[in-house]
Amino acid sequence: MIDEKELNNEEYLIKVKMEAEDIISENRFREAFDLSEELKKGIEGVKNFKENYPEFFIEYKKIIVKLRWVGLPIMTEEMVINIFKNHFVEMFTIPDYKVWEKLLPILQWIKPLENRDVFKKNIREALLMNKQRITSKKLIVGREEKEPTITNWFLDYNRAVGALKVNSLARAQYLISGVNIKNLSAEEKERVKTLFDLYEKLKISSLTLEGYEEDIPVDDKGQEGNIRGGVFEPLPKLTVQQKLVWEIAQEVVREREARESNIKEMQNSINNYAVGSLERKAIEEEIKRMNTEL
Amino acid sequence: MKNIISKILKNKKTILGVVLFCFFLNIFFVMPARAGVGDAVATVIGWITYVIDYVLGYILTVLLGILVNVATFQNFIDVTAVTTGWVIVRDLCNMFFVLILLVIAFATILRVESYNVKKLLPKLIIMAVLINFSKTICGLIIDFAQVIMLTFVSGFADNGASNFVTMFHIDKYLSAPTSAKDLKIQETNGWTVALGLIAGSIALLITLIVVVVFIAALVMRVVMLWIYVILSPLAFLMAAFPEGQKYSQQWWSEFTKNVITGPVLAFFLWLALLTVKESAAKLTMDASKVVVGGTTTTCAGSDLFCTANLQTYIITIGLLMGGLMVTQQIGGIAAGIAGKGMQWAKQAPLMMGKGALATAGGVYNWGARKIKKGSVSEALATSKKVDVMGIDPDTGEKVKTGEKTVWTGKGGKFLGKITGGIARATHGLELRPKKILEGVKEGLKSKAEEDEQQGIVASAEGLRKGGVGGIVKGLGVSRDLTEAFVGPGGFLLRKGFARIGRAAKGSTEERYQLMYNEKKEKEKIEGKFTEDEMEEKIKTGEEVLKDTTKNREEIMQKIAKTTNPEELKKLNDTARQLNEDENKQIELLNKLNDDLHKGINIISPEDKKESLDKINQYKEKMNDMAPIQTFYADRAREELTREAQKKMGNKDNEEELIDMFKNAIKNDDKNAAGAILMQAAKVGHLNEIIQSQTSDEDVLDKNGNVVIKKGDRLRQGQYGFNELINQKFIKELGMSEQQALALQSDASSLAKSVGHFNLAESVGTRNGFMIQRTPEVQRARARGELRKKDPERGLRDFNRLSWGDEVQDDNGRRFKLNELGMDNFLEWSDTIATELSRGRFNKNAAMNIAQDKETLLNYVKKLEEKGIKQFHTYTKDGKIDKTVTYKELAENLIEYGQKIRIAQSDSETGADIKDIKNEVLNQQTKV
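Taken in order, these protein sequences are the chains called A and B.
Every position in the first sequence, counted from 1, becomes a number in my numbering once 65 is added.
Every position in the second sequence, counted from 1, becomes a number in my numbering once 222 is added.
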């Protein structure tokens, strides 16, 4: 476990930051989760770390939350709910972060489908309770001025489009012409859009074709493809060039397999001949030649 | 004085005060002086109730007259509103036809298939004609229903309202008990009169509500039928084009419902009038059998509350309410009103039932207690379990595929459900309407639930036992996920996937039967040939032999001329091989000639054709009725997996997961093994789980070459994944094939979601059953999925497992670039060049690709041989930046990977992470 000496060392903090950035940049979710756990245990293991080293504490906390977002698929359902409830905004500090793609393995892992719906509902509720400021300017909800927290954004959203399932047109209309939306910068607009898109996606039951998280494969002749999110996606047809290069790739793999198989056979048969015998030498040479070819 | 009087008159409160003062003076001082306080209160209540009874009675009398009139109403299509309205709507619709013709014309030009002239025009012409007859058609349908309805109505309409007075015992509501037997129990005083009046009001109220509901239902039916007739041209118009068919169907559904509700209501009215006395008498007889000590008839207040009359009354109300319930189920506007009527009526009978039972004494109390204990409920809810049978495709034997509950009530299956539902919901025969309604609802729901349960039970049972067929036996016995999607108006149907749309049809048994038939038919012709085919085969064989001999002879000539020993050796080998081939061919030809002469393996062309036709027919039928994916079967497995997941916790450590998986297999615990597989897939360790197992047999590729040797570790990738499922889950743990494939499919989906594309898309569906994809197909499908990803993200986020497979042998783990990786290299080449220069290529992928550099370079070499040598990189504004050869790119990528590897091994030996990062960045700049 990381000790106090390391934790309050600035160089160590920089080192951890670099490592975290490296992990995040390559989406190494397992390592991200493991590092976040290690850091969490470290700072929890030091008595009064928060009080004694507030700046370090904040920095580590930031790193941990970012790593957690990357390591989302590894997290327990409870941890996921918690991060949506308390740290949603930090998600936007990770470039190109696709929250739905991260949620997908968790949802696919949850069985049976009814339980997925419960989990989705819990995330929705967690978001509704999130008090983090997601944008900078104050909101006008009804006639009142409110803090731009996620909770208040939902208040505005639900007033404008209703709490039931909202179709994409109504959502788009809100995101273009909503009173509070107009004052936002492009980046803030994107944040709000991500939030509401996710919220709407979470409303769709996994027991419907549209909300079923897995692809439904179709292999019947003439109808090859996948049904994904309620839409049939046919298998893309290959061009002549694409077919050709695919065949070349297959040929390369075939040749490699045949060569390796031959080598293995020869290696197995080599023990049948006495050391120094002509046969053995011939086989050894042949193996050498084939390896050189490789 | 005048002023004082006018002031008093103006002050309403004073007047009210004076009246109340006199009233209470009368009650507390005058009446007690005459008859006692109790009687006085009873008299006042009696007065008030009497006024209420009078008003209710008057309304009821008027309404009964109306009920008879409404029930006999016949004029549906000739009222002015209908004739005028219908003409306008008809003319409007006729106008639209011109517009629709234009739409068809444009759609045909633009090749919009659903509005194509060939498809729409015939329908449109028929509908154009029918629109003008829509009123007549509606009239005919309504008349048909009216004939039935009036048959019943005429049974009670002749005597007008008087029938109803007798039926509801209205004459008895306010009459005092008169028979000697009744008087023996009751002593007449102020309270008995008041009680009688109150009971009378309750009975009146209930009767009134029931009558109002009937009238409202019938009146609304008439009105709605008028409206539907007026709109009928629109319904025909809408039926002419695809987008309107939904509304047309809606019109037909509502119209039919409203037409049907009339005869149903009339039937129950008639039935109530005709049979009420007999039904009540039967109940009296039955009830008297259980009376302890021979208690005689009891009366409470009025004649209505004497046993026999009350029973008749309850039965009447019960029958009418039953009629309303059935109407509600049928639907339509009348049904809606009937439903609401039931809501209004639910309070009054509750009071009525309680009051009557409390007052009527022993018989009812005993009866009610007895009933509540469940004797009647059991009688109503009698059910038995029957086996659902199917045919095993392998053996052709009948096998049990599940169990289902059959309700054996008199009213058949449907009624059985309702009665069973009532009984089960209320734990006894209930007189309370609320409970009855709940029971009915539950009863109706139970039909759907039974199907559901049947699916779950059968599947779960199959799973637990792991017996033959296992989960497959759960297929199709109930609605599955697909079915929900493809129901009328479902997504797939709307999108035109008719075949998938038909998937909901057909049961497991039928599919099994077809599979079995197909298999048997195939066996009949397998390895058999017609005489012509055999002769053709021999002819071809002879040609091959001739070619081989010619080749051998040419080689022999060459041998004679050759002096070079190496070449001689090669030629000798070839000649030997050709000689062997010749001998084999001669052997084959001898056998074929022999078969032809002796008639072995010979089949007549007619028989062969018949078999092939049959096979095709079976295949087509199977295609029609196969579901894509079975929800319930999967669900049962999922339940068990979930249980195992809970026990397992949230593990992500590779070694721990491998140990747990090995233990699960050792302990024969397939649910735990399944749960671990899912967990491993979720945390990205599926490849390690595959490699942790050794093969129990030689695994061959499609050409018969050994891909994995017996005793070797399973290799990561589709070969290994398939074998893990086949050898470990199906053979060793006894999982049924479809269950195991559903698990493989789930794990494969997870692998794809975490970016491990070499294990993605490993399971498909054909003919409604899951199939394991061959490695070739799996890679092609995975490649299709990978191509949908953004190249930048793909190169940054996806590690080696989207580029190739990993094998583990005596020398440790080794990465092998596969077709996926080579395709990524080619497809994303320009992005690879850019990302390498930015140092944003996934390090894990780069290191591993560098490890199998020979394969990549060999691929590039082969590409060059085919003339595929170079590509362009582009600037941000889309202009060509540089021309790069694939060889250069491959070398850069390999160099990058090798440097990363060096940097990482330095890190493992304790180098500072900062230095490593800098070093990597420097290397990237160079690259």
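Errors might be hidden in some of the hints.
Claimed, not checked - The calculated BS3-like cross-link candidates involving lysine-lysine, where the alpha carbons are at most 25 Å apart (straight line), are:
hint, chain 1, residue 1, chain 2, residue 2
1, A, Lys186, B, Lys768
2, B, Lys873, A, Lys302
3, B, Lys742, A, Lys286
4, B, Lys1075, A, Lys308
5, A, Lys286, B, Lys1010
6, A, Lys346, B, Lys1011
7, A, Lys353, B, Lys1083
8, B, Lys1010, B, Lys1098
9, A, Lys329, B, Lys792
10, B, Lys768, B, Lys783
11, B, Lys1075, A, Lys329
12, A, Lys266, B, Lys1011
13, B, Lys1109, A, Lys308
14, B, Lys1084, A, Lys302
15, B, Lys1091, A, Lys353
16, B, Lys873, A, Lys105
17, B, Lys843, A, Lys286
18, B, Lys741, A, Lys286
19, A, Lys329, B, Lys932
20, B, Lys1098, A, Lys150
21, A, Lys230, B, Lys468
22, B, Lys931, A, Lys329
23, B, Lys873, A, Lys106
By construction, these hints were calculated from the structure, which means they are not laboratory data.
Verification of the hints:
1. A:Lys186 / B:Lys768: Not OK: Lys186 (chain A) and Lys768 (chain B) at ~75 Å, beyond 25 Å, violated.
2. B:Lys873 / A:Lys302: The hint is violated at about 41 Å.
3. B:Lys742 / A:Lys286: holds, 23 Å
4. B:Lys1075 / A:Lys308: This hinted pair holds, its Cα atoms lying about 23 Å apart.
5. A:Lys286 / B:Lys1010: holds, 22 Å
6. A:Lys346 / B:Lys1011: violated, 51 Å
7. A:Lys353 / B:Lys1083: holds, 22 Å
8. B:Lys1010 / B:Lys1098: Roughly 21 Å between the alpha carbons, so the hint for Lys1010 (chain B) and Lys1098 (chain B) holds.
9. A:Lys329 / B:Lys792: holds, 23 Å
10. B:Lys768 / B:Lys783: holds, 23 Å
11. B:Lys1075 / A:Lys329: holds, 20 Å
12. A:Lys266 / B:Lys1011: holds, 20 Å
13. B:Lys1109 / A:Lys308: The given pair, whose Cα atoms are some 21 Å apart, holds under the 25 Å limit.
14. B:Lys1084 / A:Lys302: It holds: about 23 Å lies between the C-alpha atoms, which stays within 25 Å.
15. B:Lys1091 / A:Lys353: violated, 30 Å
16. B:Lys873 / A:Lys105: Roughly 18 Å separates the two Cα atoms, so the pair holds.
17. B:Lys843 / A:Lys286: Within the cut-off at roughly 15 Å; holds.
18. B:Lys741 / A:Lys286: Distance ~20 Å between Lys741 (chain B) and Lys286 (chain A) Cα, so the pair holds.
19. A:Lys329 / B:Lys932: Holds, at about 14 Å.
20. B:Lys1098 / A:Lys150: violated, 39 Å
21. A:Lys230 / B:Lys468: The hint holds at about 23 Å.
22. B:Lys931 / A:Lys329: Holds, at about 11 Å.
23. B:Lys873 / A:Lys106: holds, 17 Å
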